[in-house]
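Colleague: Just need the whole structure built from these sequences, with the hints factored in.
In the order they appear, the protein sequences are chains W and U. Under the working numbering, think of the first position of the first sequence as 0, with each following residue one higher. Under the working numbering, think of the first position of the second sequence as 0, with each following residue one higher.
Source of the hints: derived by calculation from the structure; they are not laboratory data. One should not assume that every hint holds.
[What the hints assert, rightly or not] With a straight-line cut-off of 30 Å between C-alpha atoms, the simulated DSS-like cross-links for lysine-lysine are:
1. W:323 x W:111
2. U:231 x W:108
3. U:114 x U:209
4. W:114 x U:352
[Unchecked claim] Pairwise CB distance ranges (calculated):
5. W:230 x U:114: 16 to 22 Å
6. U:65 x W:257: 53 to 59 Å
7. U:349 x W:50: 28 to 34 Å
8. W:257 x U:304: 39 to 45 Å
9. W:230 x U:218: 56 to 62 Å
10. W:308 x U:184: 46 to 52 Å
11. W:230 x U:349: 38 to 44 Å
12. U:218 x W:302: 43 to 49 Å
13. W:127 x U:67: 35 to 41 Å
14. U:309 x W:50: 42 to 48 Å
15. W:6 x U:47: 52 to 58 Å
16. U:183 x W:309: 36 to 42 Å
17. U:317 x W:216: 38 to 44 Å
18. W:342 x U:47: 34 to 40 Å
[To be verified] To list a few chain U residues with every Cβ distance to chain W over 12 Å, as calculated:
19. 41
20. 77
21. 78
22. 120
23. 162
24. 167
25. 185
26. 255
27. 260
28. 300
29. 346
30. 349
31. 355
For every residue, glycine included, the Cβ atom is placed at its ideal position computed from N, Cα and C.
Number of protein chains: 2
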Amino acid sequence: MSSTSPLIHNFSAGPCILPPSVLQQASEAVSELDGSGLSLIEISHRSAAFVEVMEEARALVRSELSLPDHYEVLFLQGGASLGFLTAAMNFTPAGGSMDYAVTGTWAKKALKEAKKMGTAQALTSSEDTGFDRIPALPPTSGADAVHITTNNTIYGTQYAGDPSVDKPLVADMSSDIFSRPIDIERYACIYAGAQKNMGPAGTVLYIYDKRRAGQTGRDLPSYLDLTVHADKDSMFNTPPVFAVYTSMLTLRWLKSEGGVAAMQKRNAAKAACIYAEIDRNPLFQGYAQPDSRSVMNATFTAADDQHTPLFLEACTAAGINGLKGHRSIGGFRASMYNALPLSSVETLVEVMKEFERTHG
Amino acid sequence: MSSTSPLIHNFSAGPCILPPSVLQQASEAVSELDGSGLSLIEISHRSAAFVEVMEEARALVRSELSLPDHYEVLFLQGGASLGFLTAAMNFTPAGGSMDYAVTGTWAKKALKEAKKMGTAQALTSSEDTGFDRIPALPPTSGADAVHITTNNTIYGTQYAGDPSVDKPLVADMSSDIFSRPIDIERYACIYAGAQKNMGPAGTVLYIYDKRRAGQTGRDLPSYLDLTVHADKDSMFNTPPVFAVYTSMLTLRWLKSEGGVAAMQKRNAAKAACIYAEIDRNPLFQGYAQPDSRSVMNATFTAADDQHTPLFLEACTAAGINGLKGHRSIGGFRASMYNALPLSSVETLVEVMKEFERTHG
Numbered sequence: 000m001s002s003t004s005p006l007i008h009n010f011s012a013g014p015c016i017l018p019p020s021v022l023q024q025a026s027e028a029v030s031e032l033d034g035s036g037l038s039l040i041e042i043s044h045r046s047a048a049f050v051e052v053m054e055e056a057r058a059l060v061r062s063e064l065s066l067p068d069h070y071e072v073l074f075l076q077g078g079a080s081l082g083f084l085t086a087a088m089n090f091t092p093a094g095g096s097m098d099y100a101v102t103g104t105w106a107k108k109a110l111k112e113a114k115k116m117g118t119a120q121a122l123t124s125s126e127d128t129g130f131d132r133i134p135a136l137p138p139t140s141g142a143d144a145v146h147i148t149t150n151n152t153i154y155g156t157q158y159a160g161d162p163s164v165d166k167p168l169v170a171d172m173s174s175d176i177f178s179r180p181i182d183i184e185r186y187a188c189i190y191a192g193a194q195k196n197m198g199p200a201g202t203v204l205y206i207y208d209k210r211r212a213g214q215t216g217r218d219l220p221s222y223l224d225l226t227v228h229a230d231k232d233s234m235f236n237t238p239p240v241f242a243v244y245t246s247m248l249t250l251r252w253l254k255s256e257g258g259v260a261a262m263q264k265r266n267a268a269k270a271a272c273i274y275a276e277i278d279r280n281p282l283f284q285g286y287a288q289p290d291s292r293s294v295m296n297a298t299f300t301a302a303d304d305q306h307t308p309l310f311l312e313a314c315t316a317a318g319i320n321g322l323k324g325h326r327s328i329g330g331f332r333a334s335m336y337n338a339l340p341l342s343s344v345e346t347l348v349e350v351m352k353e354f355e356r357t358h359g
Numbered sequence: 000m001s002s003t004s005p006l007i008h009n010f011s012a013g014p015c016i017l018p019p020s021v022l023q024q025a026s027e028a029v030s031e032l033d034g035s036g037l038s039l040i041e042i043s044h045r046s047a048a049f050v051e052v053m054e055e056a057r058a059l060v061r062s063e064l065s066l067p068d069h070y071e072v073l074f075l076q077g078g079a080s081l082g083f084l085t086a087a088m089n090f091t092p093a094g095g096s097m098d099y100a101v102t103g104t105w106a107k108k109a110l111k112e113a114k115k116m117g118t119a120q121a122l123t124s125s126e127d128t129g130f131d132r133i134p135a136l137p138p139t140s141g142a143d144a145v146h147i148t149t150n151n152t153i154y155g156t157q158y159a160g161d162p163s164v165d166k167p168l169v170a171d172m173s174s175d176i177f178s179r180p181i182d183i184e185r186y187a188c189i190y191a192g193a194q195k196n197m198g199p200a201g202t203v204l205y206i207y208d209k210r211r212a213g214q215t216g217r218d219l220p221s222y223l224d225l226t227v228h229a230d231k232d233s234m235f236n237t238p239p240v241f242a243v244y245t246s247m248l249t250l251r252w253l254k255s256e257g258g259v260a261a262m263q264k265r266n267a268a269k270a271a272c273i274y275a276e277i278d279r280n281p282l283f284q285g286y287a288q289p290d291s292r293s294v295m296n297a298t299f300t301a302a303d304d305q306h307t308p309l310f311l312e313a314c315t316a317a318g319i320n321g322l323k324g325h326r327s328i329g330g331f332r333a334s335m336y337n338a339l340p341l342s343s344v345e346t347l348v349e350v351m352k353e354f355e356r357t358h359g
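Modeller: Here is the structure:
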């Protein structure tokens, strides 16, 4: 963000706000990398300079999430949408199956892709109540793993922590990774598109238990085989250089700000601020059930439908960007990723209060 | 490149040199996009601003390559390495097969991935002569399409034009797309990683004949089905925003410089300059057979092995970057993509002449 521009409160659902210092450093690297005379994006990915970037990014993921040595870290491409397939391919044995907790649009898509390459079924679903809650996970019935979507951006729901189930978890954490500490040993695999808490669009993070990988008995295509990428230190082919570099910068920022424990506190404070106003203000109502509310994406609607465009206008006038809800449920969505300051949430709450005064 | 830095002649094989004006504009957009108060990488990919970028990038590919309306243009992820699989999946009918011209390392990899999802076989190969030439394409024998790698970066060989065969071509053009006009109607599909002539690493271009797509009878995973992406205007999932934007900038530059016809002339002049010196200078010898030489990557070796490190030192001293040959064949490789000026090639030739004077 340019310092000469008016302040914008960026509630975009993703790609989303990144720390201003990260944007500045990324911009400088595209012009010239560390005084090298060359841009970040015109050097070989095999150069010492970029190999160091990739290794630092992987090491920061490891340190910030306290990963044991038997977990691998990769930065690949294709987003979580290719991750749906890749995760199922690498962690469902030939002849085996995976159970899916269907908690929203992305979970449904994950299940759909898994069905294209093997056996996969819904273990539970909250579709009949409009995905307004996170259902408890029942015991599995013979599946090899359980797939969850830890945060559901569209509906504004989130698992309160790491679920306890009788099988290893495979998780799409695209929209809440690095928002809190995780109990990593519960997971066989975590995958996450970068463009929420980790960096810009263009790379997807895979974290997986090496002891559980390469065990499916399947002959996988190279790009979809996580062990192929691991054998090449996440450089099987040309990586998405800019996205990895900017993710590395964002992870440095995360560390400097106190890491995931500090983020958890900040995110809780932001969520408490917005949900308190949603519950208090008679002109608005929350979408997600209170015990399933997301700290990343608060979804709410206007009690009076005619207020919806008026409130969005009031937000725009206050410099609030990206508050329009997803077309699936309408209304409003306040995405409050790690880089969003509490002051932006406070501004939104002020606009809600003022809207009550003028339209209540 | 910063104007305060010493001039570097960037012969990197890829990621590689991009036009200085593109680097500057990309850097500015990461700081702030068009006075919006927001960075390019923190806005929604569904915003009007980014949808316009994607549409301009696709339109520029169409106009600069003179594509008829029945060709589709997509910007996806995974590089050509995932393209090997995607191209075979989308253009080999279930029960059909594809012939491969094996002209180098990347062609071998393409064939390997194709074999994982169906029937594929070598139509011809130059492996027995160290991939030092482009063999003529024999008639096919029942295959549905013929796969070629139009330019072979490691060995420095290239098809002189668009081959004439009795089946539609499927081509990996990662390292020479936009270097010359193409006879598009010969191709069912072209795919190309961006990081040579088109932009930074992180996106891969697909161009294909819509009339031939979706005809395989296969139930493809969504991300690997080109028709799924086409139905969503190349926004099936979050695109690699920075890579698409910077490719769009590079395509604008290409257009402003006179397009692919102008590039063809420039590239021919650069290639003539370096090959004349390789043939003249007794201290060096070309690797590729003269009639198969690439205008993008000139490969050569020192007549005396002991000269190899000395010549690389001389190049470094002259500000020449990225000249070391690929480990497969050693020696030197001068990559001369669109953005490399003739003056850089002239500098390299001067260093070769000086090396002859001091070491001949």
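Colleague: Quick check: which numbered hints come out false for this structure?
Modeller: 4, 8, 9, 13, 14, 15, 16, 17, 18, 19, 20, 21
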